[in-house]
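*Asks:* The chain contents come next:
Number of protein chains: 2
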Amino acid sequence: MKRMDLVIAGFGTVGQGFAEVLDMRGKSIALSTGVEPRIVGAFDSKSAIYDEEGLDPNLLLYNKASGKVGNEPLVDGVAFLESIDYDLLVEVSPTNIVTGGPGLHHMRSALGSGKHLITVNKGPLALAFSELSSIARENCVEMRYEGSVGGGMPIINLCRESLSGQEISSVMGILNGTCNFILSRMDSGLPFEQALKEAQELGYAESDPSYDIDGIDTACKVVILANSVFEIDCNIHDVDVSGITAITEEAVAMAAEQNYCIRLIGEVSKERLEVSPRLVLKGHPLSVGGTLNVAQVNTDLAGPISISGRGAGRLETASAILSDLLAIIRSSVNNK
Amino acid sequence: MKRMDLVIAGFGTVGQGFAEVLDMRGKSIALSTGVEPRIVGAFDSKSAIYDEEGLDPNLLLYNKASGKVGNEPLVDGVAFLESIDYDLLVEVSPTNIVTGGPGLHHMRSALGSGKHLITVNKGPLALAFSELSSIARENCVEMRYEGSVGGGMPIINLCRESLSGQEISSVMGILNGTCNFILSRMDSGLPFEQALKEAQELGYAESDPSYDIDGIDTACKVVILANSVFEIDCNIHDVDVSGITAITEEAVAMAAEQNYCIRLIGEVSKERLEVSPRLVLKGHPLSVGGTLNVAQVNTDLAGPISISGRGAGRLETASAILSDLLAIIRSSVNNK
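Residue numbers (our numbering), protein chains in the order written: chain A, 1219 to 1554; chain B, 1219 to 1554.
Bear in mind the hints are in silico, worked out from the structure with no lab data behind them. A couple of the hints might just be wrong.
A pair holds if it fits inside one copy or across any two, identical chains being indistinguishable in the list.
[To be verified] Dumping the calculated EDC-like pairs for lysine to aspartate or glutamate here, alpha-carbon to alpha-carbon at most 20 Å:
id: 1; residue 1: Lys1500; residue 2: Glu1475
id: 2; residue 1: Lys1500; residue 2: Asp1405
id: 3; residue 1: Lys1282; residue 2: Asp1294
id: 4; residue 1: Lys1286; residue 2: Glu1424
id: 5; residue 1: Lys1220; residue 2: Glu1290
id: 6; residue 1: Lys1415; residue 2: Asp1223
id: 7; residue 1: Lys1286; residue 2: Asp1518
id: 8; residue 1: Lys1488; residue 2: Glu1419
Being a predicted model, the structure only gives us computed values, none of them experimental.
Bound-form chain A, shown alone:
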């Protein structure tokens, strides 16, 4: 049987979730496609492991729980990647929106040496999407990133596949579950500070919540959608961003009187890349509550189509990686 040898860069929540999901679905993918996906390597910031014969996902999970994913100390991720044989990099290391972090170097290395890439790491994509997709094109490999926008909500594949006969004029969405949780709690009368505190207590918001509540995370997703769905060559600095910190209880109450709620909306079109709090009519598809993500795709023939789902979570995001993996395996089968 043909094989697709994977390396996982970053073995935190999402990396572990993916190992778990691959353990559950690897055999059925092999049966249905004739290609067996197999983990041959993994590393985090401290250690690495490689075995050309394949690694049991459960061993990796056990190792990680014991403190170290591998027994080889990691000096440099790129050097490690260049020393081993593999077909596809799953890049899920921590995101860095200022420099792209090690993830950006891992991606350049993988694509540049003719390996496919699946990532959910938003920083490198929001800074260097166009450079990375050029490298992928030049090396005839695929770069996929469904989980980077909307977690388990398949917005990118929806636009690329199911809506491929449509002309898409814009995508508008709630792309950050933390902000949506806070705004939904404010709908119930809570002031911003208290809603934020609750989000932190429930683990939805970080102790430094600025990445979410200042709209930066949503802006990264706007950039990824703009590049992938609209083929706009842009980066994070091209997005006009306002967050939700200035929203008062009074504003939420006034909106509610008119049957509106306030939601942090990312908007992407050829004319506009914007993140801002907006009034949304209650009952409108974009008026969802809680930590859900939702996106409305405006098409010329079918009109507006909305999709919603869990925007984050270990298995949810891992399932997006799995769908990218399936797509790459299928297209590799078709092209042979």
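Got chain A; can you put chain B on it based on the hints?
*Replies:* Same frame as chain A, now just chain B:
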């Protein structure tokens, strides 16, 4: 350039919409896939037209507006189909939920003679899905029907493609825009009879509205989802159906007091095929108003994913046919 020769059976609203959409997108499909889709034949209940060199969609639309789609009187659709050369049947004749109508015969003829089939005609699918897909399989051709459920809302392709790595436990949805319009108007305090009358005045409901309000249309869609997404061999008689005619203003008001609305929900799972009015919490993805359709797909890894869009309409439904056509062309290219 390779060609894909199409025949359109039924030249009403959807057939005309498809001719219009193909006129708009035919060239770009040819450019992007290397296969030119071309209408070579069309017929309605009265007349037919065929030209192996291809027919201008605008000529067909002009003919139809002048009273006759073709200059050849139609005696029998199947005899016509058997007398001509083509690759793919677009079956969009009026639906018949009791016998399957002529549409069922057209479909058997096309698939049986090795032609691909795209249809939005629910009757034949709700009565004989399993028979038709067997004929398709035996003849190595594709049968696609995205527009038969949810019009422009791509629920079937979402399940088949974007969610292909997921195990789907159930699909629940609002699959009939007429009922949803009536129930949404009842949310504003209108009694059922008045909301129905308004729907009829606006053209959302037929003068005999029973097919919609008794839940039959939704039940057809439940059958199509059950067969296609869950591979359950079932037909319309296997669905437990209640409509919306018994819903009172008082019931709607009582639901609203508890922050719920009433919606007609079709549910499909291995255990249950059901159409019934249900309480839906306001703000839940299934609580959309107006003529929208919405479906929630419950998956094991990504949790619930919802999609909504316009459930009917000339261009909306035609765009679903277009997406099926693109999928068939792409897979025919990959298999050669």
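*Asks:* Now tell me, hint by hint, if it's right for this structure.
*Replies:* Here is what the structure says about each hint:
In this assembly of identical chains, the alpha carbons of Lys1500 and Glu1475 lie at most 20 Å apart whether taken from the same copy (11 Å) or from different copies (16 Å). With identical chains, the CA atoms of Lys1500 and Asp1405 are at most 20 Å apart both within one copy (11 Å) and between copies (13 Å). Taking the shortest Cα distances, Lys1282 and Asp1294 sit within 20 Å of each other inside one copy (19 Å), while across copies they are farther apart (69 Å). For the homomeric pair Lys1286 and Glu1424, neither the shortest alpha-carbon distance inside one copy (25 Å) nor that between copies (67 Å) is at most 20 Å.
For a Cα distance limit of 20 Å, the shortest separation of Lys1220 from Glu1290 qualifies neither inside one copy, at 28 Å, nor across copies, at 55 Å. Proximity of Lys1415 and Asp1223 under a CA criterion of 20 Å is satisfied in neither setting, with 43 Å inside one chain copy and 62 Å between copies. In this assembly of identical chains, Lys1286 and Asp1518 lie within 20 Å of each other by CA distance neither inside one copy nor across copies; the values are 51 Å within and 29 Å between. In the homo-oligomer, the alpha carbons of Lys1488 and Glu1419 never lie at most 20 Å apart, since the shortest distance is 39 Å inside one protomer and 39 Å across protomers.
Checked against the numbered hints given earlier, the structure breaks hints 4, 5, 6, 7, 8 and satisfies all the rest.
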